[in-house]
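Q: Top line first, the protein sequences correspond to chains A and B. Count the first sequence with my numbering and you get residues 1 to 176, in order. Count the second sequence with my numbering and you get residues 1 to 176, in order.
If you're looking for bench data, these hints aren't it; they were derived computationally from the structure. Predicted, not measured: the structure shown is a model, and the values here were computed from it. Fair warning: there could be bad hints in the mix.
For chains that are exact copies, the list does not tell them apart, and a pair is met inside one copy or across any two.
As a list, the in silico EDC-like pairs of lysine to aspartate or glutamate whose alpha-carbon atoms are at most 20 Å apart [claimed, not checked]:
1. Lys74 - Asp47
2. Lys104 - Asp168
3. Lys128 - Asp116
4. Lys151 - Asp37
2 protein chains.
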Amino acid sequence: MKRIAPLLIAAIALTGVIAAETPNSQSADQDPATAIDAGSKPVGYRDWRLISVAHEEGDLHSFAAVLGNDIAIKAYRESTLPFPDGTIIAALHYRHVPSEENNKVFGSEQSFVPGDPTNVQFMVKDSKKYAATGGWGFFHFLNDGKPLTDKKTIQDCFDCHALNQGRDLVFTRYAP
Amino acid sequence: MKRIAPLLIAAIALTGVIAAETPNSQSADQDPATAIDAGSKPVGYRDWRLISVAHEEGDLHSFAAVLGNDIAIKAYRESTLPFPDGTIIAALHYRHVPSEENNKVFGSEQSFVPGDPTNVQFMVKDSKKYAATGGWGFFHFLNDGKPLTDKKTIQDCFDCHALNQGRDLVFTRYAP
Numbered sequence: 001m002k003r004i005a006p007l008l009i010a011a012i013a014l015t016g017v018i019a020a021e022t023p024n025s026q027s028a029d030q031d032p033a034t035a036i037d038a039g040s041k042p043v044g045y046r047d048w049r050l051i052s053v054a055h056e057e058g059d060l061h062s063f064a065a066v067l068g069n070d071i072a073i074k075a076y077r078e079s080t081l082p083f084p085d086g087t088i089i090a091a092l093h094y095r096h097v098p099s100e101e102n103n104k105v106f107g108s109e110q111s112f113v114p115g116d117p118t119n120v121q122f123m124v125k126d127s128k129k130y131a132a133t134g135g136w137g138f139f140h141f142l143n144d145g146k147p148l149t150d151k152k153t154i155q156d157c158f159d160c161h162a163l164n165q166g167r168d169l170v171f172t173r174y175a176p
Numbered sequence: 001m002k003r004i005a006p007l008l009i010a011a012i013a014l015t016g017v018i019a020a021e022t023p024n025s026q027s028a029d030q031d032p033a034t035a036i037d038a039g040s041k042p043v044g045y046r047d048w049r050l051i052s053v054a055h056e057e058g059d060l061h062s063f064a065a066v067l068g069n070d071i072a073i074k075a076y077r078e079s080t081l082p083f084p085d086g087t088i089i090a091a092l093h094y095r096h097v098p099s100e101e102n103n104k105v106f107g108s109e110q111s112f113v114p115g116d117p118t119n120v121q122f123m124v125k126d127s128k129k130y131a132a133t134g135g136w137g138f139f140h141f142l143n144d145g146k147p148l149t150d151k152k153t154i155q156d157c158f159d160c161h162a163l164n165q166g167r168d169l170v171f172t173r174y175a176p
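Chain A extracted, bound-state conformation (with noise of 0.2 Å):
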């Protein structure tokens, strides 16, 4: 079960066969919180402070970099667990891939770089509205800005953070 959720993951993001009809686009009076709940990107995420970078292989071969919401900076510079309402955690996710161009000037085959992108997710930390899943709403966004609507693979994220209770169900640690 434990490798199930990285490879859905994997499957999804490569073929991206499960999502909405339509991307949904952020109304001007919406928090993040609520824009991503009804489906859009928030408005300005690509703007936020670095958490950290992650750099999965097996069966992903993803290149992350994880930022956050000034309510999610403010906890991990504090070390705050669990994490406050309101935190938002995004995880943009891309192709883990050599970089032709620097390892011609390198003269050797060493540097990796993002290569497409593979989707957005956020993490909303929402204790009463998410108590289902521990507190916290998991949203996956495809390449044309849609969201996964399919609850199963949802429930697949929270299965496998949830594994993680001893740190809120949040794998990324604060890169200082």
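Model the placement of chain B on the given structure of chain A, informed by the hints.
A: Chain B only, in chain A's frame:
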């Protein structure tokens, strides 16, 4: 020659043997470029926005987050080349290490995360001040905040970056 610069950087990252006696601290009235040139990491650089992530193997085994000041981010998003004066690019380097805690949960040896930080490097664009090195100043700070002052090493930074003339000496591309 092409392999010399990365090797040197790796050696210095590992040992930290060449450094100024004491780190300086940024004065309140110094802008970031002036602070860096005067020997201190600029206040607030850890809050700069993400340009991309990077992973170097070979002799480096390094994991990096590459951040930029506002001028850098704007130039990247608008594909401005050469980068305008005032651009500052920061590379936060860590060891690229397996995550035992993640792998236990995943049941698979697949997860790599930033280990100990090794250094923070800055490229500062000032076409007049740094005319002798392609318009860029190259700076390398150790974990204790001290800048490398070894001219040969800094020259090696330039010698390698200078091979990338087509992209104004900058290797990192913007991750969308």
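Q: Indicate, hint by hint, whether the structure satisfies it.
A: Comparing the hints with the structure gives:
Proximity of Lys74 to Asp47 under the C-alpha cut-off of 20 Å is found in both arrangements, the shortest distances being 16 Å within a copy and 12 Å between copies. Taking identical chains as interchangeable, the C-alpha atoms of Lys104 and Asp168 lie at most 20 Å apart only when they sit on different chains, with a minimum of 16 Å there against 43 Å within one chain. In this homomeric assembly, Lys128 and Asp116 never come within 20 Å of each other (Cα to Cα): the closest approach is 36 Å inside a single copy and 36 Å across copies. With identical chains, the CA atoms of Lys151 and Asp37 are at most 20 Å apart within one copy only, with a shortest distance of 13 Å there and 53 Å across copies.
Figure legend: structure checked against the earlier numbered hints; the only hint not met is number 3.
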